[in-house]
Amino acid sequence: MNAAAAADPRGRARRRSQWRRRRTVAALLAPWAIGFGAFFAYPLIASLYYSFTHYDLLSSPRWIGLANYEYLFNTDPQIWQAVKNTLWLIAIMVPAQVLFALGLALLISRARRGVGVLRTIFYLPALAPIVAATLGFVYLFNPATGPVNTILNAIGIEGPLWLNGTTTAKPTLVLLALWSIGATLIIFLAAVLDVPAHLLESAELDGAGSWRRFRYVTLPTISPVLLFAIVIGVIDALQYFTQAYVAAGVAQGGQAGESAKALGYPEGSTLFYPIYLYEQAFARFNMGYASAMTILMLVVALALTLVILRNARRWVYYQGEAR
Amino acid sequence: MASATAAPPIAPAAVVRPRPRRRRQLLLAIAEHSLLIVLAICFLAPFVFIALTALMSDRQALSSDLWPHSFEFHNFVKVFQEEPVARYALNSFMYAGLATIGMLISSIPAAYALSVLKWRGRNVVMVLVLVALMLPEQVTIIPVYVLFAKLHLVGTLWPLIIPNWLGDAFSIFLLRQFFLTIPSEYADAARVDGCGELRVLTSVYLRLAKPAIAAASLFLFFTCWNDYFGPLIYTGETPAHWTLSLGLAQFRTLHHVEWNLTMAATLLFMAPVIAVFFFAQKVFIEGVTLSGVKG
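The listed protein sequences derive, respectively, from chains A and B. Using numbering that gives the first Met the number 0, you'd call the opening residue of the first sequence number 0 and step up by one each time. Using numbering that gives the first Met the number 0, you'd call the opening residue of the second sequence number 0 and step up by one each time.
The set of hints was computed from the structure by calculation and includes no laboratory data. Be aware that a few hints might be false.
[To be verified] Below, in silico cross-link-like pairs of lysine to any residue (SDA-like), each with a Cα-Cα straight-line distance of 20 Å or less:
{"no.": "1", "chain 1": "B", "residue 1": "LYS281", "chain 2": "A", "residue 2": "ALA125"}
{"no.": "2", "chain 1": "B", "residue 1": "LYS117", "chain 2": "A", "residue 2": "ALA125"}
{"no.": "3", "chain 1": "B", "residue 1": "LYS149", "chain 2": "A", "residue 2": "ARG61"}
Bear in mind that the values here come from a model prediction, so they are computed numbers and not experimental data.
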């Protein structure tokens, strides 16, 4: 009786303070919550709805059932080229980026001096605005007059067509991606320099050579960072747009994205999924069909992320308490 | 641990053949350093060629010459005369600046609520932030575009600015990561002194998190400054609202791209970013590193 009377006001006070805290949290999160609803949750649902309609932005959406998906999976002659090109990015460009950044980070970490200067040099290209970097590369790799082929000719090698060749356009874009690797490099470098020296030393005393020290000490320690880079890399590859769009437009001789001729120039070899999406949505205003494309993209992005994270449990090692 | 027992048998082996091993290490070090130098040259070369081309005459820029015969510094003036570059720059500046201000106002409180305050459902909300961060932006682009079309904002830069006033997922994530590293004793002390949550945020966390706030601002500013996809879909048809990234590809005559002017404009476009980087290098590097710890 006495205890209950004493407990009750305390409980009420606690409840009141809890309620006040809740109100604070709600107030602090309100702008984000509105943004999340308006620019994320609602668009996801609306995309799903639009994907079952014919919608050109002028008249209201007209329900057509699964017709968009049928066209997407069975008829559209261009979409599989776009899918294949984007999968190529995930299979070739992402591993190239991760391995290159890792190799470079290890090299820099082993340099006797000048780690800071080297880090700045290799980070610098990542600062160049994407459009600026892409225009620079279109000029550098111009098959007829660009500096790269001029230098190759001078040493007796006939330079390839680079961005103007169907087999070389994508690899040239990979070179551009490697040039702009700076952010990933800095993250890797910080992780590599962070590997506890006592672990490496005791491994060395145990007779582990440099490969085994890397394989059994460095690699497990930096594995969370590698996972992060792979996931970000795959997502970036899925939305890879600007470089290919600008390069195709300028390399074929026009302004960026000036004409349908530039779409995936040369011969569709750089027609990536987001570029085709842009063409459908904002050049032809097939909003319904483009929504079906975004739904497919969403499903693929979620599936890939899940597969990578699932798989990661086997090779990613978290120090101490995970996260 | 194990090293103490394993050390003796290994040490003699190391003494027996020190020479070849040392020589191999030396060769390896030379190979590594040469590779680094070659790569560093490859990374810097594009900037050099872009700068050289920017100084060439119109005709020379179309030839395969590498070195300008006469240095045409006038190109940097011509860039402003041929295209409304000043206007593009102003548009870029407005977009990036207003977006950054809005991000700070909306994202700092959100990050605070998601790191310092403890409440049920916090982790669920954090997962939502991360999901929004991880998915490609094109996944939501069509309904968002339709929304802004209905609001008659297509053709302006507002569709790119407004969402940042309602929280930017990456900035929230970055700021939260930093807030988590600040010991909670500071906040507790302030609360004991009678500060409300708002005062704790403004007088403790804003002060201690200055580097992270600077990094988040710089990142968002340059993300907007460099953005191409957004301005393309919203202002592609209205050149008055073009940003630098859209205007950059406009230097061409009827028949060919004016490479010297394009490269001059490219340099002008890169310059502010690189200048800021050299002043705020530490902020950049620490910010990038912070975004990478704890995937």
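For each hint, the structure was consulted:
Distance restraint check for LYS281 of chain B and ALA125 of chain A: the Cα-Cα separation of roughly 16 Å lies within the 20 Å cut-off, and the hinted pair is therefore satisfied. Note on LYS117 of chain B and ALA125 of chain A: the hinted pairing is violated, with a Cα-Cα distance of about 37 Å set against a maximum of 20 Å. This hinted pair checks out: LYS149 of chain B and ARG61 of chain A have alpha carbons roughly 17 Å apart, not beyond 20 Å.
The structure fails hint 2 only (numbered hints given earlier).
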